[in-house]
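One line per chain: the protein sequences are A, B, C and D, in this order. Okay, so the first sequence: first residue is 1 according to our numbering, each after it adds one. Okay, so the second sequence: first residue is 1 according to our numbering, each after it adds one. Okay, so the third sequence: first residue is 1 according to our numbering, each after it adds one. Okay, so the fourth sequence: first residue is 1 according to our numbering, each after it adds one.
Derived by calculation from the structure, the hints in this document are not laboratory data.
When the alpha-carbon atoms are kept at most 20 Å apart in a straight line, the in silico EDC-like pairs for lysine to aspartate or glutamate are as follows:
#1 K4/B to E184/B
#2 K122/B to E60/A
#3 K2/C to E153/C
#4 K168/C to E184/B
#5 K142/B to D232/A
The following residues of chain C were derived to be distant from chain B, with all beta-carbon distances above 12 Å:
#6 R41
#7 E95
#8 N225
Computed spacing ranges between beta-carbons, pair by pair:
#9 V124/A to Q38/B: 43 to 51 Å
#10 S17/A to G244/D: 22 to 30 Å
#11 E153/A to G244/D: 30 to 38 Å
#12 V124/A to Q201/D: 31 to 39 Å
#13 S42/C to A10/B: 46 to 54 Å
#14 S233/C to P186/B: 23 to 31 Å
#15 E95/B to S61/C: 53 to 61 Å
We treat Cβ as the ideally placed atom computed from N, Cα and C, and that holds for glycine.
Protein chains: 4
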Amino acid sequence: MKTKSVSFGAIEVGATSFHVWAGPCVIEDESQFLKSAQFVRSQGGTALRAGIFKLRTSAESFQGLREESQPIIKKVRSETDLLMISEITDPRQIEFLDSLVDIYQVGTRNMFNYELLKELGKSVKPILLKRAFSARIAEWLKAADYIVQGGNENIILCERGIRTFETKTRNTLDLNAVAFLKQESPFPVFVDPSHGTGLSQLVPALSQSAVCAGADGLLIETHPNPSQALCDSQQALSFSEFEGLMAKLKKLTPLYGKSL
Amino acid sequence: MKTKSVSFGAIEVGATSFHVWAGPCVIEDESQFLKSAQFVRSQGGTALRAGIFKLRTSAESFQGLREESQPIIKKVRSETDLLMISEITDPRQIEFLDSLVDIYQVGTRNMFNYELLKELGKSVKPILLKRAFSARIAEWLKAADYIVQGGNENIILCERGIRTFETKTRNTLDLNAVAFLKQESPFPVFVDPSHGTGLSQLVPALSQSAVCAGADGLLIETHPNPSQALCDSQQALSFSEFEGLMAKLKKLTPLYGKSL
Amino acid sequence: MKTKSVSFGAIEVGATSFHVWAGPCVIEDESQFLKSAQFVRSQGGTALRAGIFKLRTSAESFQGLREESQPIIKKVRSETDLLMISEITDPRQIEFLDSLVDIYQVGTRNMFNYELLKELGKSVKPILLKRAFSARIAEWLKAADYIVQGGNENIILCERGIRTFETKTRNTLDLNAVAFLKQESPFPVFVDPSHGTGLSQLVPALSQSAVCAGADGLLIETHPNPSQALCDSQQALSFSEFEGLMAKLKKLTPLYGKSL
Amino acid sequence: MKTKSVSFGAIEVGATSFHVWAGPCVIEDESQFLKSAQFVRSQGGTALRAGIFKLRTSAESFQGLREESQPIIKKVRSETDLLMISEITDPRQIEFLDSLVDIYQVGTRNMFNYELLKELGKSVKPILLKRAFSARIAEWLKAADYIVQGGNENIILCERGIRTFETKTRNTLDLNAVAFLKQESPFPVFVDPSHGTGLSQLVPALSQSAVCAGADGLLIETHPNPSQALCDSQQALSFSEFEGLMAKLKKLTPLYGKSL
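So here's chain A without its partners, still in its complex pose (with noise of 0.2 Å):
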């Protein structure tokens, strides 16, 4: 089945650009989001990892600034023109979110939260889709289908890893879901091999698998300094590993008809 594009902004996703979206797990504070973008500006990705509001299995960890992130996402969007990717979490945030953000993200905790799909079906922005890490593929469909319902078909799939038996790596990220959607489904597909591996030695590798399964962008996670990240410090990338893995996506992408 052919990939139908999702355009917004200046960008196209589904066709033969490759995107990186990249950025820390939440935002911190100015400083170190600002940095990020910067970052993810210079290497030539196309849109920012702004998480506002995060779902943390403990009540006790950080839960992002919330509502104290909106003075840090107007500067840094000024500064540097990046659109913003961040994950809503409660339909009631969709007032506060609508403003600050260009691309929704469901994460893995909603993916079965059809109330939240069903008013994200209003919304004309474009939805990054993440699997449930216990989906199925045709319960993962089904769910898209509860935005397209509401009349939004701004649709982008993300692997981002399944739950296994498996525990050296955080989850399995399962490409041949990649592979089947890219043939089964009109929506692009995005990967997310930090989420999906956990360890960010194993990012570089899996980014690129993740390209010749078909996949039409990558969502990673960066931090200036992961070691004292807030969250995820294990699986983000420091900037030097992201350089490097980018350098390798340039030589790759042009073998699957995509560029960088």
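Place chains B, C and D on chain A using the hints.
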């Protein structure tokens, strides 16, 4: 660890009474719901499954009567004085549900919906927190903690089956988890063998197994006419099957220091 | 489907007797094995776990006394006249085992070892066929068919837990499968709650749950001194824990038409 | 960790050559096997899949030509001088196989068959050790250790997909494991995308993904007439599909320091 019982209305969960909460998957119309209520009450059930908002894998499936359930619930309540347990699928529903519902159920797809859990932490009503079909026990307990942190300690855990590679049954009911939680957590534990097996013919056996594993109660689907049910028809007990099960539970529960 | 009972020695499995087969994970020395045998016999156990060849994940772990078990088994047998159940891990062991063993156990790692199953199809001894921890029920029944095709219909299935994402327990005991098999297959079904949970403190509860699910018997690890056991020390019951369990089973089994 | 290459015949695995070992699931007759051999050789394959003994889920399925394969293999060998890789399913087969086979394959169902692994530890031939579809990486490495302890260090690991809840694909190919093992183990790593996906249309994409993940070679099913194959017909590549894949691999492997 000793179970801390949860008391509300005239009942106490987690002490010496064994509770069976039953009813249809979803309210279909007044006649179906009233018949179910009268039957459940006649059998000694202490709360009624009142399905108002349903999360269905497919957007095309029946999503519940939603706001139109209100008059039906009011009528059935006044005629049977059963406690009502109903799933909440969006924090915005609380205002509507609060006058209709005695126990909030968090369904398997929402155990990781921490914004919803935070909202329920502000309620004083008991919360039946189902395990996500993909949740480790440790994550389930951390989800409960989100409610506790909000100020609500009236939590009942409900094991309802996990997703595994087995395909003959809809889920794999994890009674190990029930025995484990009764030893290691302070919360009362229910078991839902209807979703836990997905096959009505297995429900009686697994209901009894749940008692031995330490369960404080059961959540069971029963319908006046299972083959015509608008959802979960394969797993609902007919009224006569339900009666047979109750007879067995009456003999079994005293061996475990519980009365029905 | 009606269970076809399996008769051998003085016992019948799958009829009105409920059987407990117990003993240590592995034969360590004469004293440990004799003590275990006398204890199991005094408790009404009808067969003894006689671990001769052990499959261990690590090549460095104790692999059983192997051929050196012979005099120990002979002595214990003559003193207690218990039936011996022992795992066979290689078709070449049959010659050695045939005079020592009354019931061949196919362990979880060998359920897919079809060459071994074909060999056991030629035996007249009963085969306790454990489920591979990764096997679907349908595959388990097809494995049993390999034995039947060889001419041996004396098969007892044994559920011993499947591998899932849960990490608090060693395996997830699948009692759905037990209830399912009692309805859909002709074979008697045992449950091994020791491996099924991996934690001795959960064994009594799950043993009783197994009875309600329809089990015809239990395979249980017990050891004179669990903390010193050479394998599976976390899951073996002490003798006093075992006694406590037997007392409970004596009350429970009559409710299910079985006597202990 | 640096990969320790495995050398035998005229080839070296784990160094700068990328190897494709291909052929049918099972030897069906001389014509099918000879055609496959000539084709694989013409494409640059360095070993031929020679299925002699097959483990099939059902006792009724074709179990391989077994001893009758001997003259066919001898003939094909003399005409093509390809190395033969064949699965061993019983330690008693070694005597028969030793003169026919250059590489022993331990299949997914036998990775936990430690008695077989011990026997192979005494061989000097290279062992392709497939991952059990239920094995954690740590267990897989411990299985390899059984062979090493016996004295044979010529081990090649082969990722072939693990069992998960996904049902659209036969298995979930775990390329995380490949990247992990290339960093953390000394063994060369192959990937079997035929079993890893179960769908021939996904094999080319995942084969290429495997290269980026670090694989040293591929094990691929190809058949002169896939729809007529006696086993695994859904996952075998036709000869023209195989040619297309080889052309792509020729462009891709040099980016990863490998030549085909």
